[in-house]
Structure formats: structure tokens, C-alpha cells
Amino acid sequence: LAKTTQPISMDSYEGQEVNITCSHNNIATNDYITWYQQFPSQGPRFIIQGYKTKVTNEVASLFIPADRKSSTLSLPRVSLSDTAVYYCLVGDTGRRALTFGSGTRLQVQP
Amino acid sequence: EPEVTQTPSHQVTQMGQEVILRCVPISNHLYFYWYRQILGQKVEFLVSFYNNEISEKSEIFDDQFSVERPDGSNFTLKIRSTKLEDSAMYFCASSDYSTGELFFGEGSRLTVL
Numbered sequence: 001l002a003k004t005t006q007p008i009s010m011d012s013y014e015g016q017e018v019n020i021t022c023s024h025n026n027i028a029t030n031d032y033i034t035w036y037q038q039f040p041s042q043g044p045r046f047i048i049q050g051y052k053t054k055v056t057n058e059v060a061s062l063f064i065p066a067d068r069k070s071s072t073l074s075l076p077r078v079s080l081s082d083t084a085v086y087y088c089l090v091g092d093t094g095r096r097a098l099t100f101g102s103g104t105r106l107q108v109q110p
Numbered sequence: 001e002p003e004v005t006q007t008p009s010h011q012v013t014q015m016g017q018e019v020i021l022r023c024v025p026i027s028n029h030l031y032f033y034w035y036r037q038i039l040g041q042k043v044e045f046l047v048s049f050y051n052n053e054i055s056e057k058s059e060i061f062d063d064q065f066s067v068e069r070p071d072g073s074n075f076t077l078k079i080r081s082t083k084l085e086d087s088a089m090y091f092c093a094s095s096d097y098s099t100g101e102l103f104f105g106e107g108s109r110l111t112v113l
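Read top to bottom, the protein sequences are chains U and S.
According to my numbering, numbering within the first sequence proceeds without interruption in unit steps and concludes at 110.
According to my numbering, numbering within the second sequence proceeds without interruption in unit steps and concludes at 113.
Just chain S, same shape as in the assembly (with noise of 0.2 Å):
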């Protein structure tokens, strides 16, 4: 069965460093999604990709936030300068169609010291 991967499954990083999650959506799809979820709450929207560019962002989704398809299989994010509160597990979806499910990866968790 095919299935979004996300690298690196753990990343830690020092407060003020640059971190890049990557994302492998599934082939056919053609919307791509990066959520967060913080310990113990709720899954958060950050953005949603189509035809190589953003849909839809979030408040949370700030200057210091990008994406970026660089090859047509990765879907990387980008925080440019980590925040303690940056800290979380975030994930990875891509759905085929407009009323499609989504599918998730496994996560990325980051931990920001």
C-alpha cells in the first residue's frame, strides 16, 4: 500500500538553527499538506500546497515557515530560525482529489533546546 515517509523520524536542534523536514507524498497526489500537533494537543493546519504553490496557510505558518517542492517528489518544510515553542511532532499528508482523504505520514518530531 502506498504511504507518505517523512525524514528525519526525530530531529534535535538548537534554539535560532535552521531545520528542514522532508516528505515523500504518494506519487499520484496532487495536494500536499504539513500539519503540527504540540504534546498532548490537537492537530494543527499549517499549509496546503496544489500546482507548486501555497493554497492556504495558517496564522502559525509565519515568515519564518516555507515550503518547497524542489523535485517533484519531496515536499520539504522549512523553519528558518527554530523557536523553543517550534517544538512538536509534525506531519506530513497528501490526498489525490479535492474531497479526498488525506494521508499521513509517521511524523516528524523536533525538539528545540
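Chain U on its own, in the form it takes in the complex (with noise of 0.2 Å):
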């Protein structure tokens, strides 16, 4: 399974973008890039999946370059609500189990 490596916090304010990078070396032909986020005491909370190049959503936007060793998780206009972990994880999910890395911690201040 690719290893994962990403910031082990970052801090923002309200209504700034934030922009989380993750780096995957050796990230597979078959693999997707996933990301999630998890809130104290609950569980994790799918954001956005890709492939390659840019995908978005209505809470996101995932941009991945052509070598698929990174990717870069964009949160436009943070809110208080969204400081929470944010966790990259890269593989085949279904029969290969996905790896959570230890997350980035992100709080948004007013």
C-alpha cells in the first residue's frame, strides 16, 4: 500500500482557502486518491476522490499532477466548522484495505 506523508497541522482563518498537500511516491497504476475528514468523536467523512488532474466537488477541489506523487486537497472560503483532521489515502479500496496516515489538523480561527 502507498505510504502517505502530509503536514501535521496547519492553521487558517475564516474565509481564507486552505490547501493541503499530501505526497504518495509510490502510488500505484490502480490506485485513487481519496480524502477524508474526521470530527472529534465521530467517524471518518469521505470529501473527494481522483485519479489525475483536477477534480471538484460542492465542499472541494482535489488537484492532482501528472505523476500522481502528489496531490493537494483545496478548501475554498474555511469556516469554524471545518477545523478538523483531514487524512490522504491512496490505494484500490474493496479487497485492499485502505491506510490511514496520521492527518493534518487543521484549525480555522475567527
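Since the hints were derived computationally from the structure, they do not count as laboratory data.
Where is the CB? At the ideal position from N, CA and C, for every residue including glycine.
Nothing false has been slipped in among the hints.
Among chain U residues calculated to face chain S with C-beta under 8 Å, some are:
hint, residue
1, T34
2, Q42
3, R45
4, L98
5, G103
Subject to a maximum C-alpha distance of 25 Å in a straight line, what follows is the list of computed DSS-like cross-link-like pairs (lysine-lysine):
hint, chain 1, residue 1, chain 2, residue 2
6, U, K3, U, K69
7, S, K78, S, K42
8, U, K3, U, K52
9, U, K3, S, K57
10, S, K83, S, K57
11, S, K42, S, K57
12, U, K3, S, K42
13, S, K42, U, K69
14, S, K42, S, K83
Starting from the two chains in their separate frames, assemble the complex, guided by the hints.
Have a look at this one:
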């Protein structure tokens, strides 16, 4: 399973755009990149998934360069409620389990 | 919106006792998982289950652990003889296809005294 590396923590202010980058140098051809959000005492929640280039949904964008060795989760105009831990996962789900790394703890301040 | 449900939300048990944690995955999902999270630590994979058998398991998932899908709707995790270090939040998850998102339940907090 591809190992991921992301910053341990980040700080931001309300209304700012936040970009969290994850490196996954040994990503395999069949691997997808998935980001999850976790609030304290809750289960992780899916944010976005991509394979290459750019993916956008109603909450975030995911940028993946051509070599796919890294990815960047972009949260536009964060609010206090975006304070959470964000996990980057790489893998082929289903029969192969996804492994969570240490995640990035995002603290949004007023 | 369909969701994964877990029971109990919190269980306190004595060391050495057996514990069964229950999960009802989303009905059309085919892949099932158990993860755990010790307080303040990262989410750790325990086991994945597909087609009525274990697909993968981690080194944490030793002989004290077992999983079962007894009736086509429930997915259970049994810890045969609990240890203090089994105290954690246990999350069940399910997904519907090989590259699909994992839907997590709200977790079952296990406290072993």
C-alpha cells in the first residue's frame, strides 16, 4: 500500500482558502487518491476522490499532477466548522484496505 | 441518506470478557471493514470482508478478533478476551464497489477496565 506524507497541522482563518498537500511517491497504477475529514469522536467522512488531473465537488477541489506522486486538497473559504483532521489515503479500495496516515489537523480561527 | 449504524455506542467491560460490536452496513454495499482509533491516535485498519470471507487483515487483528456476517445485514466484530489496550473507538465502514468511498459509522467506544 502506498505510504502518504502530509503536514501534521495547519492553521487558517475564516474565509481563507486552505491547501493541504499530500505526497505519495509509490502510488500504484490502480490506486485512487481519497481524502477524508474527521471530527472528534466521529467516523471519518469522505470528502473527495480522484485519479488524475483535477476533481471538484461542492465542498472541495483535488489537484493531482501528471506524475500522481502528490495531491492537494483545496478547501475554499474555510469556516470554523472546517476545523478537523484531514486524511489523504491512497489505494484500491474494496478487497484492499485503505490505510490512514496521521492526517493533518486543520485549525480554523475567527 | 443511507448510513452505517453501529451498536452499542459505548461499552464498558472487564478485562478478559468477550465483547461483540455490531454494525449494519448500507444495504447494497458489498465490502465491509472494521477500523479502530485509540484516543488521540490515528485510525487503524483491522480487517476487510467481502463475499463472506476476510479479504485482508492487519497485524492487530490477531486470534482474539473475529468477524462475522451472520444474517446478511449485520456485520459483527468479536473480541474474545479483552485487554486494556483494546480500549478504543471501533469504526465499521462499508463500500459498494472497488474504488468507491468508505461510509463510516459513528463508532462504538469500548472501554476495558
